[in-house]
Amino acid sequence: MTSHSPLRFKNRIYYSLVAAGGLVVLMGLYAAHMMEEHGHIITGMNNQIVWGIPHVFAIFLIVTASGVLNVSSIGSVFNKPAYKARAPLAGLLSIAMLAGGLTVLMLDLGRPDRIIVAMTHFNPTSVFAWNIFLYSGMFAAVAFYLWTMMEKRMNPWSKPAGLLVFVWRFVLTTGTGVIFSFLVARQAYGTAILPPMFIVMSFAWGMAVFHVVQAAIYEWNGKLLDAYVQKRMKNLMGIFVIATLYFVAAYHLTNLYFARQAEFERFILFDGGVYPLVFWVGYFLFGNLIPLLLIYHPALGKSKCILFASLLIILGGFSLLYVFIIGGQAFPLSIFPGYEVSSSFGDGAIGLYRPSMPEIMLGMGAVGVSFLITAIGIRMLDFVPHEIPKSR
Amino acid sequence: MSDTNVQRRQFLKTSVGAAAVAIAPGMLLFDMAHGKSDPVSSKVRWGMLIDTANCADGCNDCVTACNKENGLSGGLSPTDSQWMRKVELKDMRSGRTLALPMMCQHCEEPPCVDVCPTGASFKRADGIVLVDKHLCIGCRYCMMACPYKARSFVHEPLHDQKPDVPRGRGTVESCTMCVHRVDKGQQPACAEACPNKSILFGNLNDPESEISKKIRTVQSTQIRADLGLNTGIRYQGI
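Line order of the protein sequences matches chains F and A.
Counted the way the working numbering counts, the first sequence spans residues 410 to 801.
Counted the way the working numbering counts, the second sequence spans residues 688 to 925.
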């Protein structure tokens, strides 16, 4: 059991960090309590922007929870030893982010107290209902996978378990993309490109989150990441960022080609105020151009650059989801094509949305949940990657 | 007759009377709560034909009647429930203007029912689309799916509700086609309130109903007919 060397965590800082994470979670729970007490009136959401910041957090976390498992899939399914050593950490991160995402999704419900209704009443035509099954199944599949990796006697099962998780996460991210694909009448959604786009987004964001956590763990333990492993992983991340950009470009270009969608694209990409700004600056510049430069420029690409690139990719992910989810709802439904419309209910008008403190706290609380599970998990069990010297 | 016997009879009479008094109101309430005993049937499909040519500019009587009937506040903020609204339209090419009332279109293939995870959104056999307030978890997926922006989310705690129209904070709601009136053989409040009789309510499945006869003779439109949802609300003059 030489691999179980005690982790040299700096105790005091560790406990302060856990306490800070706990505080963020408490703030999130307090926000949820306020929303329960006063109703959604205290959020920025309304009858036009029905999904707000909590959903941006939830979908980012759930999509990334699936993407972070890239690392374990490459290890278990495609047999790359450098990735195999990191598979348990990827599994833990996946469970942590899934838990965070589901927490915020659940607490944002109008009636979170009725969660048992969601478990006992199943509408088979609803992708939301399928997702309840997919998300809870994901917990079980990843937990089983972790068991097969961490318990020596179960090791022979690790490959089939890895395959199960590999398939499951594809279905899960498809299910998340399909939530939007199945919206027939919204200009921003209702297209079959979304599930594959979500899968590729999950790859990029999952790699970015994995990089950040891995960098933090290595720094904490005073370990140095092997240069070869680092190069492989950063190049892979770069490819996924480019692939995401490709899907986003294909989505917008197709829309631009359709006359009926032109106005929506003009809104989201050019004259829609905060949304084009977040798209071009947050997503395109900070989420793509700068990270790709940091990753691929010959003079850059060192560990600090990769950490910075990963953080920017995460920021870009949030930006893209903000524009996609909230900008997509802000643009009015085309109920009467060819007519200018107005009404007391916001027909024909751009929806206004300003995120309020409670919903931001709720979203941050979800990140806090993910952080706590990761921090405690790493401390309690052996999740820190052990390099296999021969793989270098 | 012995004294004991008289007393016994007296006792039995009193007991039966007391039992009847105790049970009767319960039975009555039970009956009332269950309403009509016949289930709704798919032989009926309730619908409306709205004549936009007769829908007067500036008139809001249908909306007011809807709010009053269903106990809505009538507030117009983006977080207030509006089951029915007047929409002003202007044709971008010809400049022709018109106005019409807009609400749940009571689709035959309602997207809100398809997406609802718990089955809270449902369609009755007679075509009325409703939300079961006990099953709705407030996820708002139906609001995302509705092509007509017909649904509202209850953002605040409610007071002074109408007994016939259950509502609840944290749940989604929309036009019920005044199902509580329809089940008593009455018209929806908006149809009754329209001063120009522009809202014709009736059974689309009965070829002899006034609405069916009119739909056979005048040109009518379903909003976003391209989506193939077969709405129960039809419009004339768009």
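Check the hints yourself; a few may be wrong.
[Claimed, not checked] Straight-line distance between alpha carbons at most 20 Å, and here's what the computed EDC-like set of lysine to aspartate or glutamate pairs gives:
#1 Lys777/A - Glu672/F
#2 Lys820/A - Asp778/A
#3 Lys632/F - Glu446/F
#4 Lys820/A - Asp522/F
#5 Lys849/A - Glu897/A
#6 Lys777/A - Glu749/F
#7 Lys820/A - Asp791/F
Worth flagging that the hints you see were computed from the coordinates, not collected in a lab.
If you're wondering where the values come from, they're calculated on a predicted model, not measured in any experiment.
Status of each hint after checking the structure:
{"no.": "1", "hint": "Lys777/A - Glu672/F", "verdict": "holds (17 Å)"}
{"no.": "2", "hint": "Lys820/A - Asp778/A", "verdict": "violated (38 Å)"}
{"no.": "3", "hint": "Lys632/F - Glu446/F", "verdict": "violated (48 Å)"}
{"no.": "4", "hint": "Lys820/A - Asp522/F", "verdict": "holds (13 Å)"}
{"no.": "5", "hint": "Lys849/A - Glu897/A", "verdict": "violated (31 Å)"}
{"no.": "6", "hint": "Lys777/A - Glu749/F", "verdict": "holds (5 Å)"}
{"no.": "7", "hint": "Lys820/A - Asp791/F", "verdict": "violated (47 Å)"}
Going down the numbered hints, you'll see the structure goes against 2, 3, 5 and 7, while the others check out.
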